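Just need the whole structure built from these sequences, with the hints factored in.
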Amino acid sequence: MTELFTEIRPAVVLTLQLAGFSTVILMALATPLAWWLTVSKWRMRPLIEALVTLPLVLPPTVIGFYLLVMMNPNAPLGGAWLRLTGETLAFSFSGLLLASVIYSLPFAVQPLRTAFQSVGIGPREAATTLGASPLQAFFSVVLPLSRRGFLSAAVLSFAHTLGEFGIVLMVGGNIPGQTRVISIEIFNRVETLDYSGAHVLSLGLLVLSFIALAFTYFLSREPQS
Amino acid sequence: MTMLHLNINAPRESFELRVQHDIPLSGITALVGRSASGKSSLLRMIAGLDPCEGDIRFGSEVWQQGRKVMTPAHRRRIGFVFQDIRLFDHLNVTDNIQISGRWQTQPVDPQILPEIIDILDLGPLMDRPATRLSGGERQRVALARALVAAPRLLLLDEPLSGLDPQQKERLIPRIQLALKRAQCPAVFVSHDRAEVARFADRSIEISHGIITTTQDAPRSLRAKMTDRPNTATFAGQEIYVPNEWAVKAGDDVFFRLPAQQLTLTTTDPGQTSAAFCAPVKPIEKNGADTAKLVFENGQAIESDVVITGRNFCAKGKQLWLVSPNVTFVTD
Numbered sequence: 649m650t651e652l653f654t655e656i657r658p659a660v661v662l663t664l665q666l667a668g669f670s671t672v673i674l675m676a677l678a679t680p681l682a683w684w685l686t687v688s689k690w691r692m693r694p695l696i697e698a699l700v701t702l703p704l705v706l707p708p709t710v711i712g713f714y715l716l717v718m719m720n721p722n723a724p725l726g727g728a729w730l731r732l733t734g735e736t737l738a739f740s741f742s743g744l745l746l747a748s749v750i751y752s753l754p755f756a757v758q759p760l761r762t763a764f765q766s767v768g769i770g771p772r773e774a775a776t777t778l779g780a781s782p783l784q785a786f787f788s789v790v791l792p793l794s795r796r797g798f799l800s801a802a803v804l805s806f807a808h809t810l811g812e813f814g815i816v817l818m819v820g821g822n823i824p825g826q827t828r829v830i831s832i833e834i835f836n837r838v839e840t841l842d843y844s845g846a847h848v849l850s851l852g853l854l855v856l857s858f859i860a861l862a863f864t865y866f867l868s869r870e871p872q873s
Numbered sequence: 022m023t024m025l026h027l028n029i030n031a032p033r034e035s036f037e038l039r040v041q042h043d044i045p046l047s048g049i050t051a052l053v054g055r056s057a058s059g060k061s062s063l064l065r066m067i068a069g070l071d072p073c074e075g076d077i078r079f080g081s082e083v084w085q086q087g088r089k090v091m092t093p094a095h096r097r098r099i100g101f102v103f104q105d106i107r108l109f110d111h112l113n114v115t116d117n118i119q120i121s122g123r124w125q126t127q128p129v130d131p132q133i134l135p136e137i138i139d140i141l142d143l144g145p146l147m148d149r150p151a152t153r154l155s156g157g158e159r160q161r162v163a164l165a166r167a168l169v170a171a172p173r174l175l176l177l178d179e180p181l182s183g184l185d186p187q188q189k190e191r192l193i194p195r196i197q198l199a200l201k202r203a204q205c206p207a208v209f210v211s212h213d214r215a216e217v218a219r220f221a222d223r224s225i226e227i228s229h230g231i232i233t234t235t236q237d238a239p240r241s242l243r244a245k246m247t248d249r250p251n252t253a254t255f256a257g258q259e260i261y262v263p264n265e266w267a268v269k270a271g272d273d274v275f276f277r278l279p280a281q282q283l284t285l286t287t288t289d290p291g292q293t294s295a296a297f298c299a300p301v302k303p304i305e306k307n308g309a310d311t312a313k314l315v316f317e318n319g320q321a322i323e324s325d326v327v328i329t330g331r332n333f334c335a336k337g338k339q340l341w342l343v344s345p346n347v348t349f350v351t352d
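Just so you know, the protein sequences line up as chains H and B, in that order.
So the first sequence is residues 649 to 873, counted in our numbering.
So the second sequence is residues 22 to 352, counted in our numbering.
Don't read these hints as lab results, they were simulated from the structure.
Everything numeric in this text was worked out from a predicted model, so none of it was measured.
Think of the CB as a built atom: it goes at the ideal place given N, C-alpha and C, for glycine as much as any other residue.
Hints are not guaranteed to be accurate.
Lysine to aspartate or glutamate pairs mimicking DMTMM-like chemistry, simulated, CA-CA at most 25 Å apart [claimed, not checked]:
{"id": "1", "chain 1": "B", "residue 1": "K89", "chain 2": "H", "residue 2": "E773"}
{"id": "2", "chain 1": "B", "residue 1": "K338", "chain 2": "B", "residue 2": "D352"}
{"id": "3", "chain 1": "H", "residue 1": "K689", "chain 2": "B", "residue 2": "E37"}
{"id": "4", "chain 1": "H", "residue 1": "K689", "chain 2": "B", "residue 2": "E34"}
{"id": "5", "chain 1": "H", "residue 1": "K689", "chain 2": "B", "residue 2": "D71"}
{"id": "6", "chain 1": "H", "residue 1": "K689", "chain 2": "B", "residue 2": "E74"}
Computed spacing ranges between beta-carbons, pair by pair [what the hints assert, rightly or not]:
{"id": "7", "chain 1": "B", "residue 1": "R123", "chain 2": "H", "residue 2": "P824", "range": "48 to 54 Å"}
{"id": "8", "chain 1": "B", "residue 1": "G122", "chain 2": "H", "residue 2": "E655", "range": "55 to 61 Å"}
{"id": "9", "chain 1": "H", "residue 1": "A676", "chain 2": "B", "residue 2": "P128", "range": "31 to 37 Å"}
{"id": "10", "chain 1": "H", "residue 1": "R691", "chain 2": "B", "residue 2": "P45", "range": "41 to 47 Å"}
{"id": "11", "chain 1": "B", "residue 1": "R123", "chain 2": "H", "residue 2": "R731", "range": "41 to 47 Å"}
{"id": "12", "chain 1": "B", "residue 1": "S35", "chain 2": "H", "residue 2": "F787", "range": "36 to 42 Å"}
{"id": "13", "chain 1": "H", "residue 1": "F787", "chain 2": "B", "residue 2": "P131", "range": "21 to 27 Å"}
{"id": "14", "chain 1": "H", "residue 1": "G727", "chain 2": "B", "residue 2": "V129", "range": "33 to 39 Å"}
{"id": "15", "chain 1": "B", "residue 1": "Q86", "chain 2": "H", "residue 2": "E697", "range": "34 to 40 Å"}
{"id": "16", "chain 1": "H", "residue 1": "A728", "chain 2": "B", "residue 2": "R123", "range": "37 to 43 Å"}
{"id": "17", "chain 1": "B", "residue 1": "V129", "chain 2": "H", "residue 2": "F787", "range": "20 to 26 Å"}
{"id": "18", "chain 1": "H", "residue 1": "E697", "chain 2": "B", "residue 2": "P45", "range": "46 to 52 Å"}
{"id": "19", "chain 1": "B", "residue 1": "V90", "chain 2": "H", "residue 2": "T733", "range": "42 to 48 Å"}
{"id": "20", "chain 1": "H", "residue 1": "E655", "chain 2": "B", "residue 2": "T115", "range": "39 to 45 Å"}
Listed next, the stretches of chain B that the computed footprint assigns to chain H, with coverage defined by at least 3 CB atoms under 8 Å from CB atoms of chain H [what the hints assert, rightly or not]:
{"id": "21", "segment": "97-104"}
{"id": "22", "segment": "109-115"}
{"id": "23", "segment": "124-133"}
{"id": "24", "segment": "166-174"}
Shown next as structure tokens:
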């Protein structure tokens, strides 16, 4: 049993790292994006909305495929990354991180948008008439009033990144300790008929995801007065 | 006197709002009209919350010129009391009232906070979360929150809607006293004429986005508080003063008589149930149905009591003025 744990440890650590970093980046990215989507009156806004939601409906292989094409050292993105860091983006942890940020973006943006919308324009206008600039109104009024949305966005992004498979396989491959996350490890073990190893990992993911979702739904309950 | 200069227009759903008017920046001005007459929209445009075209000047300060907004809402240093209150639900009463301190760039008189809290009787509520307040309490907190930020003009959108008559009765004097303490002129929107008569110094009537009439409230009269509780004297007559005004013996109280409800009699009505009855003499007659009436203490009012009979209101004749109620004001 201890042997099994030493074997799966790199995959677990890698998965948690990927999910952790993705969540941090996603929150930093999704907050202004969700805010802009909430307040913008731009006519072409639906296009951006569609773009942000696309990862929800596309097969991960399609996103993975285009990301792989973009990460090619001969493509602008891949080339720039290579010149900047001396590494290729494809089949690296950084590439994996980029892919999972894009893949989980709707899971961070959607709860934040819902939260911002339910706060509404009222408290912001009240803050404005008390002398708050738009940024001050956002940080001292909108942000605290939508804190439950932030928590559920973070939990959902984390949980969703934990469960990635297709996109990881496309962009990251199957390199132990670098891109082999839990879901890939499970796939490998099933392929080699190591069902007990697959079982431990699967159950772990299942329980973790369930806890994360239950937590989110408890949060989104209306407070009882 | 400094003025709020308005020359603005904006399309609304069923009409065009066009307002050219100078509102004096003193006392309390009422914007009166039916619902959807454009009065709330006008208030929001003055605050800079809704867009419009034209010019808005606050004294010599240009807030808007043509389509160009020169001063965004958060730099106008106005206060706004919204019809739906809009307290910050994540904060308690204290933080709701004091949060503007974080945003204000101008120093604020530190004395104003305790005095406003006292006038609006918020002391017992200060630690309460904003979500655990009754309608009247929320109204008072919203008013304190706006006034503590030391606005140069307070805009109130139907501040008394949603309150029952007793709550209104208690709140109106408090609003007047708080505005006076903050030395802040106010513009408030109302559809209730009785409410406007209670505390506006002038009223502007709006219908379908256009100002139809403007009217100044009758001049206020001055009575003196006696040693006895709730009692003031005016020209030898006693007047009942409600507790809310909290005036000390010997101090002056100011009140208005409702011009539309006055009655003149030629004989002393003696003991009446009316709130106000005092001997009066007409000194000049202006036009067909108004006269200037002088009380025995020398104070005078314009009266538009419809005068029947040719010699009824002859100059110098002894008459008695009876009013079913009096309205107290800050001065």
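* **Hint numbers not upheld by this structure, sorted from lowest to highest** => As far as the earlier hints go, 2, 14, 20 are violated by this structure, in ascending order.
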